[in-house]
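Novice: Sequence:
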Amino acid sequence: MSDYTVKTVLGWNFANAKTVSASLTSRSTEFANEVTRAAGAFDSSWEYWKGYGGEEARQASQSDAEITNKSATVIGDVAEKFNSRVSELEGEIEHLRAKVQEAEDSEYSLRVKDDGSVYSTKSNFEWLRIWKAAFPVKIADKEAAEGFFTAAIRGSLARVEDIDRRGSEELRSVLERLPDSVKLGATGVPSDPRLAEILLKYQTDASRGGARLWPSGALLETIRAVVPGFEPQFLTPEEVAMLTLMAASGPAGPAKVAKVFEIRSIADDVADSRHVDRKGNGPKTSSDGHGDAFRHTFWNALMTKEFGAEWTERFATAHEGLGGNLPSREAMDLYNNEVGRRIATAHPDASPRELADLVDKAVRDGETLVINSDNQIAWSDQVREHHTGKPPLTDIPLPAGGN
Numbered sequence: 001m002s003d004y005t006v007k008t009v010l011g012w013n014f015a016n017a018k019t020v021s022a023s024l025t026s027r028s029t030e031f032a033n034e035v036t037r038a039a040g041a042f043d044s045s046w047e048y049w050k051g052y053g054g055e056e057a058r059q060a061s062q063s064d065a066e067i068t069n070k071s072a073t074v075i076g077d078v079a080e081k082f083n084s085r086v087s088e089l090e091g092e093i094e095h096l097r098a099k100v101q102e103a104e105d106s107e108y109s110l111r112v113k114d115d116g117s118v119y120s121t122k123s124n125f126e127w128l129r130i131w132k133a134a135f136p137v138k139i140a141d142k143e144a145a146e147g148f149f150t151a152a153i154r155g156s157l158a159r160v161e162d163i164d165r166r167g168s169e170e171l172r173s174v175l176e177r178l179p180d181s182v183k184l185g186a187t188g189v190p191s192d193p194r195l196a197e198i199l200l201k202y203q204t205d206a207s208r209g210g211a212r213l214w215p216s217g218a219l220l221e222t223i224r225a226v227v228p229g230f231e232p233q234f235l236t237p238e239e240v241a242m243l244t245l246m247a248a249s250g251p252a253g254p255a256k257v258a259k260v261f262e263i264r265s266i267a268d269d270v271a272d273s274r275h276v277d278r279k280g281n282g283p284k285t286s287s288d289g290h291g292d293a294f295r296h297t298f299w300n301a302l303m304t305k306e307f308g309a310e311w312t313e314r315f316a317t318a319h320e321g322l323g324g325n326l327p328s329r330e331a332m333d334l335y336n337n338e339v340g341r342r343i344a345t346a347h348p349d350a351s352p353r354e355l356a357d358l359v360d361k362a363v364r365d366g367e368t369l370v371i372n373s374d375n376q377i378a379w380s381d382q383v384r385e386h387h388t389g390k391p392p393l394t395d396i397p398l399p400a401g402g403n
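Residue 149 in UniProt numbering sits at position 149 of the sequence shown; the count goes up by one each step and never skips.
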């Protein structure tokens, strides 16, 4: 089931987030004013601080002021984007709340499930006893009402998801505008020289456009025939462009696109089955842990076997193009992707099960990366499974590392 359920969405409360946003707006202004005052003090120092040292200090002050002003602008823009999307979300959530109430107040004893589907609490037999001769007409009206409210409520949930995801992407894009020196200064670097090198190298440029839900229409139905229950994915423009080109490549194009998503689904399922918490708490490592390392590595291995290493590298890297990605997470994913492609290339005749075994061995032997409790990348054999970190979804990104 989608994370955007009726109960979850109606339970959202933006009060604390609005307080943070107001604080960001205030701090942005204070930040800019303080920089202006400090820069002015340095600029006027030529009257009493002459010579090479004074000139160097004033030039450094000017450079620092430019960087700080850019950062202050970004902070203010984050708050502005957030406020805009929250306002949009609140309007849609009120619409959702009204539709749920309207459905449950109807004459047909309707109730709304968490996924947005609407049903009557009375069986058709019970309605027959109530409506008697009017049953044929009333049952049609009842079923029409169920369909209408289901479409309206699910449509509202879809719009909430779109606003939320679009807003997240916008915030990430704003964070990408921070000066590179600020990005580097805000990021902790592992003490292991090799890991520090990987962290800085395995970063990619943010996408040049906003991500969106894709696909729709006939192509979506084709994919669902192969991957039942498949829902449109939030993809970068680069991912969409590659998949659109693949879909148009010939009669087998749509099936190839379906295969891309089928492989991702297989990688998810196998990762969860092989890296589940045996204490019964469910898959605990699917994000940033050993299961996530397996998933990315196995996904790239399967994709390489099906589509080749070059296409897979471009597609998997485009997948990481969402802005504002946590640097350690981006490095982990890009590095593990590369390990998967390398495994598949070295074992071209391996079956999917054999590839999964090879990937698991790589995870056990510390050839892949996870995120430790300090939210830094670490070798997968140096952190106990189910004891990895829980970093934030969005953070100040690093500049692209040329990988």
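None of these hints come from the bench; they were simulated from the model. One or more hints might be untrue.
Stated by the list, open to error - When the alpha-carbon atoms are kept at most 30 Å apart in a straight line, the in silico BS3-like pairs for lysine-lysine are as follows:
{"no.": "1", "residue 1": "Lys259", "residue 2": "Lys138"}
{"no.": "2", "residue 1": "Lys18", "residue 2": "Lys70"}
{"no.": "3", "residue 1": "Lys201", "residue 2": "Lys183"}
{"no.": "4", "residue 1": "Lys113", "residue 2": "Lys132"}
{"no.": "5", "residue 1": "Lys7", "residue 2": "Lys113"}
{"no.": "6", "residue 1": "Lys201", "residue 2": "Lys390"}
{"no.": "7", "residue 1": "Lys122", "residue 2": "Lys7"}
{"no.": "8", "residue 1": "Lys138", "residue 2": "Lys122"}
{"no.": "9", "residue 1": "Lys183", "residue 2": "Lys50"}
{"no.": "10", "residue 1": "Lys70", "residue 2": "Lys81"}
{"no.": "11", "residue 1": "Lys183", "residue 2": "Lys18"}
{"no.": "12", "residue 1": "Lys138", "residue 2": "Lys183"}
{"no.": "13", "residue 1": "Lys50", "residue 2": "Lys70"}
A quick note: this is a predicted structure, and the numbers were derived from the prediction, not measured.
Novice: All hints are to be evaluated individually against the structure, with a verdict given for each.
Specialist: Taking the hints in turn, this is what the structure says about them:
1. Our distance criterion of 30 Å between C-alpha atoms is broken by Lys259 and Lys138, whose separation comes to about 45 Å.
2. Restraint check: the Cα-Cα separation between Lys18 and Lys70 comes to about 23 Å, which is no more than 30 Å; the hinted pair holds.
3. Our distance criterion of 30 Å between C-alpha atoms is met by Lys201 and Lys183, whose separation comes to about 14 Å.
4. Under the criterion of a C-alpha separation no larger than 30 Å, the hint pairing Lys113 with Lys132 is consistent with the structure, at around 28 Å.
5. Taking the CA atoms of Lys7 and Lys113, the gap is near 9 Å; set against the 30 Å cutoff, the hint holds.
6. At most 30 Å may separate the alpha-carbon atoms for a hinted pair to count; Lys201 and Lys390 meet this at roughly 22 Å.
7. This hinted pair checks out: Lys122 and Lys7 have alpha carbons roughly 22 Å apart, not beyond 30 Å.
8. With a C-alpha separation of about 13 Å, the suggested pair Lys138 and Lys122 falls inside the 30 Å cut-off, and the hint holds.
9. At roughly 33 Å between alpha-carbon atoms, Lys183 and Lys50 are farther apart than 30 Å, so this suggested pair is violated.
10. For the suggested pair Lys70 and Lys81, the alpha carbons sit about 16 Å apart, so the restraint of at most 30 Å is met.
11. Between Lys183 and Lys18 the alpha-carbon distance is near 25 Å, which keeps this suggested pair within the 30 Å criterion.
12. With a C-alpha separation of about 63 Å, the suggested pair Lys138 and Lys183 falls outside the 30 Å cut-off, and the hint is violated.
13. At most 30 Å may separate the alpha-carbon atoms for a hinted pair to count; Lys50 and Lys70 meet this at roughly 29 Å.
In this structure, the earlier hints numbered 1, 9 and 12 are contradicted, and the remaining ones agree with it.
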